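Each chain, written out:
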Amino acid sequence: MRLLNEHETYMKEIVTSLSLKSREVVWIVCESGNRWQNAVRHFGTEGLEDSVDFLNFSCDSIDMLKQVQNHAGKKHATVIVLWEITPKTIAAKCRVIAECRLRYPSVIQISGIARIPNRYQAMLSELGITVALKRPESLQRVARIINQVLQASKIHP
Amino acid sequence: MTAGTKIRNLMRLIDSSDAPMWAIGPSGKLVYLSAGVAAWLGVDVDQLLDRRAVAGSPITNDPLDLIAATLSPPPGLTQRGTATLRVQPSSMASRRVSPLDVRFVRVGRGESAVTLAIGGQFDDRAVDEEISDAALVREQLDLWRKRHTAIATTATLGQSSSAKRMRSRIEVACGVRTHFGIFGPAGCGAESIAMKIHQHSAPREPIATVDGPLMDPELLDASINPIIAVLADSSESKASVLVRELDEMPIEAQRHLSGLLTSFGNRLRLIGLCSPKPALFSEPLGVDPENVTLSYEQKVPKHLDQAIVDCVAALTVTIEPLATRCDDIPLLATALVDSRFAAKEGVGERLSRATLDAIVLYPWPNNFEELDSAMRHAVRSATRETIAPENLPLAVRSYRTSDGSKARKLQPISLDSMIASYELKLIKAALEACDGNRAAAARSLGITRSRLIRRVDEASQ
Numbered sequence: 001m002r003l004l005n006e007h008e009t010y011m012k013e014i015v016t017s018l019s020l021k022s023r024e025v026v027w028i029v030c031e032s033g034n035r036w037q038n039a040v041r042h043f044g045t046e047g048l049e050d051s052v053d054f055l056n057f058s059c060d061s062i063d064m065l066k067q068v069q070n071h072a073g074k075k076h077a078t079v080i081v082l083w084e085i086t087p088k089t090i091a092a093k094c095r096v097i098a099e100c101r102l103r104y105p106s107v108i109q110i111s112g113i114a115r116i117p118n119r120y121q122a123m124l125s126e127l128g129i130t131v132a133l134k135r136p137e138s139l140q141r142v143a144r145i146i147n148q149v150l151q152a153s154k155i156h157p
Numbered sequence: 158m159t160a161g162t163k164i165r166n167l168m169r170l171i172d173s174s175d176a177p178m179w180a181i182g183p184s185g186k187l188v189y190l191s192a193g194v195a196a197w198l199g200v201d202v203d204q205l206l207d208r209r210a211v212a213g214s215p216i217t218n219d220p221l222d223l224i225a226a227t228l229s230p231p232p233g234l235t236q237r238g239t240a241t242l243r244v245q246p247s248s249m250a251s252r253r254v255s256p257l258d259v260r261f262v263r264v265g266r267g268e269s270a271v272t273l274a275i276g277g278q279f280d281d282r283a284v285d286e287e288i289s290d291a292a293l294v295r296e297q298l299d300l301w302r303k304r305h306t307a308i309a310t311t312a313t314l315g316q317s318s319s320a321k322r323m324r325s326r327i328e329v330a331c332g333v334r335t336h337f338g339i340f341g342p343a344g345c346g347a348e349s350i351a352m353k354i355h356q357h358s359a360p361r362e363p364i365a366t367v368d369g370p371l372m373d374p375e376l377l378d379a380s381i382n383p384i385i386a387v388l389a390d391s392s393e394s395k396a397s398v399l400v401r402e403l404d405e406m407p408i409e410a411q412r413h414l415s416g417l418l419t420s421f422g423n424r425l426r427l428i429g430l431c432s433p434k435p436a437l438f439s440e441p442l443g444v445d446p447e448n449v450t451l452s453y454e455q456k457v458p459k460h461l462d463q464a465i466v467d468c469v470a471a472l473t474v475t476i477e478p479l480a481t482r483c484d485d486i487p488l489l490a491t492a493l494v495d496s497r498f499a500a501k502e503g504v505g506e507r508l509s510r511a512t513l514d515a516i517v518l519y520p521w522p523n524n525f526e527e528l529d530s531a532m533r534h535a536v537r538s539a540t541r542e543t544i545a546p547e548n549l550p551l552a553v554r555s556y557r558t559s560d561g562s563k564a565r566k567l568q569p570i571s572l573d574s575m576i577a578s579y580e581l582k583l584i585k586a587a588l589e590a591c592d593g594n595r596a597a598a599a600r601s602l603g604i605t606r607s608r609l610i611r612r613v614d615e616a617s618q
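Residue numbers (the working numbering), protein chains in the order written: chain F, 1 to 157; chain H, 158 to 618.
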């Protein structure tokens, strides 16, 4: 009986360690071109451990919630959504951003903004945007911070 | 046209221009109207002088008063200092007067302020993010030039924390004459920074520059002979030696150099340029003082003499690769384009946003020097004032970031070894739980004793 209990404990430890190794960071980019997708490919792995899987893909705002649902349900997945927001798309995307915030509060939402007045940028943060980036190079610092936090949460879950 | 401080030179230029311009005095009356206004309105502008150009002023029956009132600036000019308005004067007789975009500028303060009005096409009201970004970068550059005039080599430019740290170190190095080392990747501009520091910390002091990897003791003596002669001439004289790729210098040459440093004391200063900072310099000094040489990289052994380490560790400046501080790249590139444009090397004056996007994603393996040559190429090949991605060198504009997820998936994983490792962990746990009894451990795992022994033996081999 003692052996069985110890085995169970040990199995749990192994499963936990294996689960940690199968952690993944998922970047979902919603944009019209590929400017931010390129930036995610380039900077998304900044400071990310080799043991963490890095996934990135793009989709339109209609499919976004479905994509988030697919990944946010996983236990060890961190989902980051990057929205390209322009004056033309801000109205439609704000609705999805707010909905995503309500349904999946753990998802990190980032916006890549272009030609958006400052007053609207403040509004985006109210809706659920964590960071607003004006230029792709700013993503390097943000990705590094996110990955550092992930690393810290792995050490102290 | 001769330049001068007298107003008549300006007046001559304005009179010869066909652009409509007028000035409104502090009392709100028209005090000047150019010949261009006469052509635009089709009236003798002398008749308009001294008429009130104030919107809403009492209108008389005189049509010229009405025209003067339409030449008034829009509301809010006093607060904003500048404004643009489409001026649409009433027609005179049968002649139609076309509307004109006019920029109003308030010059001076209080009751003595004068309003200047210039007609023409002005496109700066529409928000162009690219141009406003370029203006922001220009402001940052001007601020950097103002603050860091003394050490203003372009390679030190940047807003990132690593660039700020680097500049702080350089300022310290400029203020004190001591041995120092600059650690940075290839092409980071370390030598120009080192020379700048030398000029500030020891002005007019002779310096010899040597290539570390090429040196042996005899060649080193021959290379630095001029400064050794200066040091030998007088006990007061001082000199510096700058060694490129110090960490690649043969150990015999390093020992010879350290001997010279010891014999001349502080009179001979060492400036070492090294590859990216080894962990050795981040550790407390004197960790292993017994070792004559220290190896800090296991795969490719490189050696530094302990005495050299002690000298260079006095003050170190670290330059991070451009790829790790992408925030600085637009600023650096703009500064390089500015200098090339100012030197009239081409017509390219500023980088488009698409160009900036391309250069921040490029990894710049040869760092600052590669960026410099890329910007030189871009300025020379540009045909317009805005530098487009096609003006960049082929290697930069055709660079595509690999898909990180695919690259990671390609990493080889041995399933067999992972399973074997997992199996062994379970066997060890079972053996421990059964106090080393192999038969009991095998029973608890549901396998045969021989299989358990075979796995343990395989692992021990």
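What the hints contain is simulated information worked out from the structure, not anything from laboratory work.
Model, not experiment: these values are computed from the prediction.
A hint or two may mislead.
[Stated by the list, open to error] Pairwise CB distance ranges (calculated):
#: 1; chain 1: H; residue 1: Arg169; chain 2: F; residue 2: Met123; range: 47 to 55 Å
#: 2; chain 1: F; residue 1: Arg95; chain 2: H; residue 2: Val504; range: 57 to 65 Å
#: 3; chain 1: H; residue 1: Ser538; chain 2: F; residue 2: Ser32; range: 28 to 36 Å
#: 4; chain 1: H; residue 1: Gly185; chain 2: F; residue 2: Leu102; range: 51 to 59 Å
#: 5; chain 1: H; residue 1: Ser538; chain 2: F; residue 2: Arg95; range: 39 to 47 Å
#: 6; chain 1: F; residue 1: Ser32; chain 2: H; residue 2: Ser555; range: 21 to 29 Å
[As the list claims (entries may be wrong)] Derived lysine to aspartate or glutamate pairs resembling DMTMM-like cross-links, with alpha carbons at most 25 Å apart:
#: 7; chain 1: F; residue 1: Lys134; chain 2: F; residue 2: Glu99
#: 8; chain 1: F; residue 1: Lys134; chain 2: H; residue 2: Asp219
#: 9; chain 1: H; residue 1: Lys321; chain 2: F; residue 2: Glu99
Positions of the beta carbon are idealized from the N, C-alpha and C atoms, including for glycine.
Now for the hints, and whether the structure bears them out:
no., hint, verdict
1, Arg169/H - Met123/F: 47 to 55 Å, "holds (54 Å)"
2, Arg95/F - Val504/H: 57 to 65 Å, "violated (46 Å)"
3, Ser538/H - Ser32/F: 28 to 36 Å, "holds (29 Å)"
4, Gly185/H - Leu102/F: 51 to 59 Å, "holds (58 Å)"
5, Ser538/H - Arg95/F: 39 to 47 Å, "holds (45 Å)"
6, Ser32/F - Ser555/H: 21 to 29 Å, "holds (23 Å)"
7, Lys134/F - Glu99/F, "holds (23 Å)"
8, Lys134/F - Asp219/H, "violated (55 Å)"
9, Lys321/H - Glu99/F, "violated (41 Å)"
Of the numbered hints given earlier, the model fails hints 2, 8, 9; all others are met.
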